[in-house]
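Its first residue numbered 223, the sequence shown is counted upward by one per residue in this note's numbering.
Bear in mind the hints are in silico, worked out from the structure with no lab data behind them.
Just so you know, these numbers come straight off a predicted model, no measurement behind them.
Even for Gly, the Cβ is constructed at its ideal location relative to N, Cα and C.
Do not take every clue at face value.
Unchecked claim - Quick list of simulated restraints, FRET-style, between CB atoms:
no., residue 1, residue 2, range
1, Q366, D302, 44 to 54 Å
2, E243, G376, 28 to 38 Å
3, D251, V292, 19 to 29 Å
4, A396, D302, 39 to 49 Å
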Amino acid sequence: TVFFDKTGTLTNGAPQLVVVEPVAGIDEDELLRSAAAVELGSEHPFARAIVAAARVRGLACEGAQGFAAVPARGAMARVDGALVRVGRAEWLADEGLDVVALAARIDTLAEAGRSALLVARGDRLLGLLAFADTLREEAVRVVQQLRALGVRVGMLSGDRAGVAHGIAAELGIATVAAE
223 TVFFDKTGTL TNGAPQLVVV EPVAGIDEDE LLRSAAAVEL GSEHPFARAI VAAARVRGLA
283 CEGAQGFAAV PARGAMARVD GALVRVGRAE WLADEGLDVV ALAARIDTLA EAGRSALLVA
343 RGDRLLGLLA FADTLREEAV RVVQQLRALG VRVGMLSGDR AGVAHGIAAE LGIATVAAE
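All chains, full assembly: derive it from the sequences and hints.
Now the structure itself:
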């Protein structure tokens, strides 16, 4: 049996922003600009994807103050005087925001191998952003070769269980640990 890490081993490790879904009353550009302003100060792969997507749309990413990363949860900063948080639903729920309306959508995205972050300004959700990390071409080939040799292949990941299972399903392998 061989176990692989997911990010950067089985996937390219360079997620792309593939979904920008604002809540009612917020437009996509406002959601993305707010998130990009916070994430401009971060080196996280999701942060880079957010900033890149905002720049492609010609949105200003500057203007955040007091950037702080919250390990394994998200990031926050003041944008135009308001606290903007970008991160996992669990973190925003712990911070007192009602994330129930987006929970089912997050689960659906996870089952498709997409990782989702929520964006909030103050005590209001602005929407969600979802990311896809493509499989490495050589990973698919290596998994096939190992399986042809009779080797069982599994994957370990720190991602949400649904995301990890979605990627594992694409490869036809088992997911051993997630989250």
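Which numbered hints are broken by the structure, listed smallest first?
Violated hints: none at all, because every hint is consistent with the structure.
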